[in-house]
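Peer 1: Order-wise, the sequence lines are chains P and X.
The first sequence: position 243 = 243 (the numbering used here), numbered continuously.
Convert by adding 445 to the 1-based position in the second sequence; the result is the number in the numbering used here.
Bear in mind the hints are in silico, worked out from the structure with no lab data behind them.
Computed from a predicted model, the values in this text were never measured in an experiment.
Don't take every hint at face value.
Listed next, the stretches of chain P that the computed footprint assigns to chain X, with coverage defined by at least 3 CB atoms under 8 Å from CB atoms of chain X [to be verified]:
1. 169-182
2. 186-198
3. 328-339
Here are the simulated PhoX-like cross-link-like pairs (lysine-lysine), alpha carbons at most 25 Å apart as the crow flies [claimed, not checked]:
4. 297/P <-> 58/P
5. 405/P <-> 709/X
6. 395/P <-> 182/P
7. 495/X <-> 273/P
8. 100/P <-> 495/X
9. 327/P <-> 709/X
10. 200/P <-> 595/X
For every residue, glycine included, the Cβ atom is placed at its ideal position computed from N, Cα and C.
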Amino acid sequence: MKKRSALISIVTLLIMSLVFTACGSPSGSKTETQQLGANAGENATVLSFWTFADLHGKHLDKMLGLWNQQNPDKQIKLNVTVMPYDDMHNKLLLAVTSGKGAPDIADIELGQFPKFLEGDNVPLESLNDVFAPYKDVVVPSRVEIYSKADQVYGFDYHVGATLAFYNTEILEQAGVDYKTIKTWEDYKQAGIKVYEKTGKYLGTADTSASWQASLLLAQQNADFTDENGNPKVNSPEMIKAYEMLVDLQKNNVIHTIPGGQPDTEEAKGEYNKGNYASALMPEWYMSRFVNEMKDLKGKYAIAPLPVFEEGNPRSVGLGGTGTVVTKNGKDVQLAKEFVAFAKLSKEATTEIWNTLGFDPINMEVWKDDAVTKNPENEYVQYFKTNAFDTLNEIKDEIRAIKSVKASPTIGNIFNTVTLNAIFEDGQDVKEALDEAQAAIEQELK
Amino acid sequence: MIKKFVYSQKVAPYVFVLPFILIFLVFWFFPLVNSFVMSFQDRMLGQDPKWIGGANYSKLLTDKVFLTSIKNSIVYMLGTLVLLIPFPMLFAVMINSKLMMGREFFKSSFFLPALTSVAVAGTIFRLTFGEMEGSLMNSFLGLFGVEPIKFLKDGNWSMAALLILACWRWTGVNMLYYLSGLKSIDNEYYEAASIDGASAWQKFRTITMPLLKPTTVYVTTISVYAGLAMFTESLMMFNGNKSPQNIGLTIVGYLYRQGIEQNKLGYAAAVGIVLLVIAMVINLTQLKFSGMFKKEED
């Protein structure tokens, strides 16, 4: 009898452990590899590509199809591996710096890029030669952020111009017209009305990303670092920015959001439920609406950001991903040519808009109504207004925030400590920023 | 000649311990010496190392984030000692009792969580302790009219969540250690005590507890090490090595942040050496006070 019950328990145990193992790793930390380039011939060169965004792989798949058609003698098959953000950057940094196991091509997010450019031996290939033909048609600031000493190391997918996305359904319930929001004061008054009438918040107080700091600094022509790249996060401009945000929080205009910032799973759930009525995010956030917030189709309008005073620049390029070619690849020159084609050519930038919904860095496309206003395009269909109407209106006002050696440290301290101290624990803004400055200086010592 | 050598009684012991010695040298001693050397260097992968003397250590002394990580690790370690020694001992005694029904069932259900991957368990706990109204804990508390709590943004709550996860995973394992300890206690002691009219509590206090001491010392030693070395649970619980205000940052998490995320291998090595020193000091003190270094009396 005793033996039997022991047997039953062991069997139960085995079955349960199998069930748990079958659950596998959580979806957030999935690593997947698949081969792209189905139309390539047998002699095609097989290259590998690491990315942290599934969508980027989809874009390269389309570009690979075109490349293989146009270059029958230089066909490529691409092994794409999608890894979670932190994992991918950590593995890539180890691989390129140790010279072992790196892919031929990789995506590096802007905030992580300076780590790869440190020291004298940059482990990435210079892309200057393949960049030359496109020099005059791309936004210069979006190339400079991936450069060091006149060498370009990465090509971005987008400008990332920051825009205001308004949920017109909620605003109408509160009797607010988003077109009248020009300044932060207007935004505040609108938010107060929205909270009173609907109990919802107009915007977010971000605790795990510094998009808000970036756009408020850019509007004041300021930055996180001085001209020598030294951190200055307790500047008067930064204090002004966060004091304004805290004032908005106190008036229930903005509120912290689960996940800490709009571009997280939890936050998108909150947007889907209609608990927040606006997102002040880079243009690439449109792809999140279309792909992950389908319930909101037809409700959102796009407008320029509010500013402190009219005449301030109304946008800043935020975020970004530089596609790089690593030094130890199989066929470095082929990889470089393909990356330039896939990121900078007219065909590429058209596809970047069609597939990813991004504002491409090759500005020829911005003026091409046939592409940007194509009624078949899902990004055109989703929003009440056309993104490029706003983008073309503000195109000369898009500032840049520098990405330098200190940037990853600043980002880390801001997004873990400082923003939580300000918005969750109510610490005094100046005090929190002084502490952040001290912590950043200590870490960079 | 060879035969003589192989059959030699003097040589044989050395041959038998050789695999252990080799593994010890290659995977323990060499990395340890290497880390020690690295902790005196400014070292990044891909760049030439520079000797900087004790600069990494003096920087560590004033590094507030490092001090936070030490505090978190020690609080967690103490929490696991308080929760994961007495309770598993008690459960083991209960399960070992003849009066207990369905012991095999309890044994396997307590042990089951240890088989679950930390990644899965951490993710499930992250969702359970989510700050949204609909997350498991908050919807449960909602039944009693409690407002949603931001568990993973508050130092105390998140430590509690980490400890609950630790208890969930390790209670069964420690219980098994104690069960094997209980099996080695001779039943005659209990019979003699019963004849003398000892109560259940008296038997537990004067027979079970003292005779379980070697097990307790072992469990304490591994718990001290496991508590101080905790990393993956925190990584999964906070969805990355970036907990708000570093409330979930452990010493190993800080080592990972410096060494792997920031590529500052020298500084990370210094963090590792400090961790080793802390773990050694705590464990050696504990072993000394529990009398483990004394020769066993006849």
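Peer 1: For every hint, state whether the structure bears it out.
Peer 2: Cross-check of the supplied hints:
Counting residues of the stretch 169-182 of chain P whose C-beta sits closer than 8 Å to any C-beta of chain X gives 0, which falls short of three, so the coverage hint is violated. Look at the stretch 186-198 of chain P against chain X: 0 of its residues bring a Cβ nearer than 8 Å to a Cβ of that chain, fewer than three, so the hint is violated. Evaluation of the coverage hint for the stretch 328-339 of chain P: breached, as 0 residues show C-beta separations to chain X shorter than 8 Å, against a requirement of three. A C-alpha spacing of about 22 Å is found between residue 297/P and residue 58/P, which places the hinted pair at or below 25 Å, so the restraint holds.
A C-alpha spacing of about 13 Å is found between residue 405/P and residue 709/X, which places the hinted pair at or below 25 Å, so the restraint holds. For the proposed pair residue 395/P and residue 182/P, the alpha carbon gap of about 17 Å is at most 25 Å, so the pair holds. Between residue 495/X and residue 273/P, the direct Cα distance comes to roughly 54 Å. Violation of the 25 Å bound is thereby established for this hinted pair. The hinted pair formed by residue 100/P and residue 495/X meets the criterion: a straight-line CA distance of about 22 Å does not exceed 25 Å.
Proximity of residue 327/P to residue 709/X is assessed by CA-CA distance (about 22 Å); at most 25 Å being required, the pair is judged to hold. The hinted pair formed by residue 200/P and residue 595/X meets the criterion: a straight-line CA distance of about 19 Å does not exceed 25 Å.
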